[in-house]
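From first to last, the protein sequence lines stand for chains A and B.
Just so we're aligned, residue 0 is where the first sequence starts under numbering that gives the first Met the number 0, counting upward by one.
Just so we're aligned, residue 0 is where the second sequence starts under numbering that gives the first Met the number 0, counting upward by one.
Wrong hints could be hidden among the right ones.
Note that the list lumps identical chains together, so a pair holds whenever it fits in one copy or between two copies.
No farther apart than 30 angstroms at their CA atoms in a straight line, the calculated lysine-lysine pairs in the BS3-like style are these [claimed, not checked]:
1. K51 with K94
2. K94 with K66
3. K403 with K94
4. K187 with K51
5. K66 with K51
6. K66 with K403
7. K187 with K88
8. K51 with K190
9. K5 with K66
10. K66 with K187
11. K187 with K94
12. K51 with K5
13. K88 with K51
14. K5 with K190
15. K51 with K403
16. K5 with K94
17. K190 with K88
18. K403 with K190
19. K94 with K190
20. K66 with K190
21. K88 with K5
I should point out that these hints are in silico values taken from the structure, not numbers from a laboratory.
There are 2 protein chains.
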Amino acid sequence: MYDRLKGFRDFYPDEMSARRALIDSLEDTARRYGFREVGTPALERTEMYVDKSGEEIVEELYTFTDKGGRELALAPELTPTVARMVVAKQQELAKPIKWFSTRPFWRYEEPQQGRFREFYQTNVDIFGSAEPEADAEILAYAADAMTDLGLSADEFEFRVSHRDILGGLLEAVDSAVDVRAAIRAVDKSAKIETAEYHDLLHEAGLTYDEAETVDDLLDTDDLSALTDFAGTDRVANAVENLQAVLAAAEDYGVREYTTLSLETARGLDYYTGVVFECFDSTGEISRAVFGGGRYDDLIESFGGQPTPAVGVAPGLAPLSLLLQRADVWPEESLSTDYYVLQVGDTRDVAAATARDLRARGHVVETDVSDRSFGAQLEYADAINAETTVIVGERDLANGELTIKDMVSGDQVAVPVEDFPGDREAPRYEDFA
Amino acid sequence: MYDRLKGFRDFYPDEMSARRALIDSLEDTARRYGFREVGTPALERTEMYVDKSGEEIVEELYTFTDKGGRELALAPELTPTVARMVVAKQQELAKPIKWFSTRPFWRYEEPQQGRFREFYQTNVDIFGSAEPEADAEILAYAADAMTDLGLSADEFEFRVSHRDILGGLLEAVDSAVDVRAAIRAVDKSAKIETAEYHDLLHEAGLTYDEAETVDDLLDTDDLSALTDFAGTDRVANAVENLQAVLAAAEDYGVREYTTLSLETARGLDYYTGVVFECFDSTGEISRAVFGGGRYDDLIESFGGQPTPAVGVAPGLAPLSLLLQRADVWPEESLSTDYYVLQVGDTRDVAAATARDLRARGHVVETDVSDRSFGAQLEYADAINAETTVIVGERDLANGELTIKDMVSGDQVAVPVEDFPGDREAPRYEDFA
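Extracted from the complex, chain A is given alone in its bound form:
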């Protein structure tokens, strides 16, 4: 007997049906915003991640050398791949480019609640617009995706920040700071002790007093005070941009789901502007459910023309936790419209009946195991068949079938030629 790998999951039909409902909903929301599906490879050259995604992700890559000597990695995230795709066809693609896809990614890290070595995300990105409307459309997509799943404004919030406010403030505090390292420290601040956080800021080049100052600055909602503190165009422009994004989010009807939260930094190095993370408002799930943000420099760093970009990537596993916590996780069960039950030598009529019902779009099962009446009825029950069509030798001799409602147990005899007849979805009630 072979075992499943640690951090990998098998999804059996009950659970998969709920996951499919979740994926369909996330994708349907994206389609309605005019995002278009793309398909992307599982493997990329390792150097693409080594060059671009920052240390943290590279340590966790599944990497290997293929039989042709190529250094490969299983994709740990989508962004570098879609950036590569934009560069490859930058002349042909009409902007804004609006793409989505749902697929697995892989990171070698310790599995924990809601986090696996193989994990699925729906990535949603806009390339080619630097306008605040693009950031706001990503926020609006993400908010609609959540409410379309049955969540309300009480149950989640998007904590919104801006990389240039963070970076500009850090530089204003100490011009010698390693901004990337300091931002990674801020990103971790909620998950670690204050002392450890301040140690990380210190390693990034700040004194412990300056670390305290950063703490105080990031704790404010008063953006104009930050502009004043920094006194730089960089922070002033970033504050203005963040305010414009929030104003657009207001017009887009999703301002109510957002909270200003400058401690929100996102771990990846390539973010440049607005960043945000989705949190469980009740605090029961302490980690971010998912996040997103603007990454205006990535396409150019991949050798493309300067192309601003912004995106979000709901992860199925953490999102599932939130939906279960909020009691709106889709039902885990199988549904079947018809079971066609064969008694005696009736396979031809049973098969034709099943065929007719399937042609009308219904989910139909029939016996493929040469089972008894009782065993078939039990199976029909196990798959939650709504209606069982009993095709019995004796009934057939009278030119009849029996239609059985599986909830009430009521049944009725029907002439063979009347079923399904011209009915789209014939049920017991149509003949009783």
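Given the coordinates of chain A, work out where chain B should sit on it, guided by the hints.
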């Protein structure tokens, strides 16, 4: 600039929309037969394939050692994974177990037309029935999947064979033959020269005269002659089973798509009974489009209770070739229901209009790039918007929007409060 890996593909939205239509159709047909979706990992332990899938596949695996020292492989096919899953929950799962899934697989082989290193299949399997109805249901699913895609009986055929007829005949010809090696030779016979094929049979233990005899035997449609030639229960039972499967296929309405073809062997070692391959009837595509068959011993060899199984796995790339050849490949294009065009400071009304239309399920885009009237109209055209809703400052001052039919170019002014109003899909005609 980073390059895509050889044998891997990026799917941009036009092509992806056609692929999505293909996948949706393959899966919808499976759902109507009562197959249930499962989700499976990309990685498995290498030994699972080394032990079970035969030499041919192992040579082509993407394998590596993970950071925990595990020998892993990217899945080259689904069957071993679902067999593992059946064994893991064999007590709980109600039989027959009917599963489907669509996902990528990976093999390190030379890319050629319709064959890639990363390739997608929709796998459809039944576990727990040894009856001919199960084989026939797989054939019926496969035939319906093809006709649901727009193909007709003139355009494809399922060449059906039986592993035990093949094996039994080979043993009857020469009891010392290496049956597996000889079956692999038969599987290759259509793709190689006769002399090379006979060399392979010779390597499997036959004389060249016996190889000629095998050729003659496999060329017949007269199954009873084969039973007589072999004179063994094995062949007699296999012939009876194959005839029972074809009779069930007749009842299931799909006999017309099948052809008896004993040269069809399938390459993988684990097949045990009926096997079949789908071919382009015109012969333009010479290789098999996809295949399937019965593998009754695999679950037990994985440490499970004896569990008969049969399945099929249409591959998207070869199937795409067939659909393109038959001119029924889904259209490669984007569709958009509405573009909401902003002129001047009208973002709030435009956003509310887009929101209302999306809430009705429509695909709606609006400006996120601060573009001119002309640039927006051009973009609306590029995304094939059916209707453009023009939200202009001057119109709005009169309490009006303009609804423009993008095909005719006709437009009409409409009071803001009437659009969309209580209409589900308001168009120009509703107001003209």
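Each hint tested on the structure:
1. K51 with K94: within (24 angstroms within a copy, 49 angstroms between copies)
2. K94 with K66: Answer is neither; intra-copy 39 angstroms and inter-copy 41 angstroms both fail.
3. K403 with K94: Between copies, since 22 angstroms is at most 30 angstroms while 56 angstroms is not.
4. K187 with K51: Within. Shortest intra-copy distance 20 angstroms satisfies the 30 angstroms Cα cut-off; inter-copy 46 angstroms does not.
5. K66 with K51: Answer is both; intra-copy 25 angstroms and inter-copy 22 angstroms each pass.
6. K66 with K403: neither (59 angstroms within a copy, 57 angstroms between copies)
7. K187 with K88: neither (36 angstroms within a copy, 40 angstroms between copies)
8. K51 with K190: For K51 and K190, the Cα distance is within 30 angstroms only inside one copy (25 angstroms; across copies 45 angstroms).
9. K5 with K66: Both: 26 angstroms inside a copy, 12 angstroms across copies.
10. K66 with K187: Intra 39 angstroms, inter 24 angstroms, cutoff 30 angstroms: inter-copy only.
11. K187 with K94: neither (35 angstroms within a copy, 49 angstroms between copies)
12. K51 with K5: both (28 angstroms within a copy, 21 angstroms between copies)
13. K88 with K51: The answer is within: 20 angstroms in one copy meets 30 angstroms, while 42 angstroms across copies does not.
14. K5 with K190: For K5 and K190, only the intra-copy Cα distance (24 angstroms) is at most 30 angstroms; the inter-copy one is 41 angstroms.
15. K51 with K403: neither (62 angstroms within a copy, 45 angstroms between copies)
16. K5 with K94: Answer is between: at 28 angstroms across copies they meet the 30 angstroms cutoff, but 42 angstroms inside does not.
17. K190 with K88: Neither: 40 angstroms inside a chain and 37 angstroms across chains, both beyond 30 angstroms.
18. K403 with K190: Close neither inside one copy (57 angstroms) nor across copies (53 angstroms); limit 30 angstroms.
19. K94 with K190: For K94 and K190, the Cα distance exceeds 30 angstroms both inside one copy (38 angstroms) and across copies (47 angstroms).
20. K66 with K190: between (41 angstroms within a copy, 25 angstroms between copies)
21. K88 with K5: Only across copies: K88 and K5 sit 17 angstroms apart there, 38 angstroms inside one copy, limit 30 angstroms.
Hint check: violations occur at hints 2, 6, 7, 11, 15, 17, 18 and 19; the rest are consistent with the structure.
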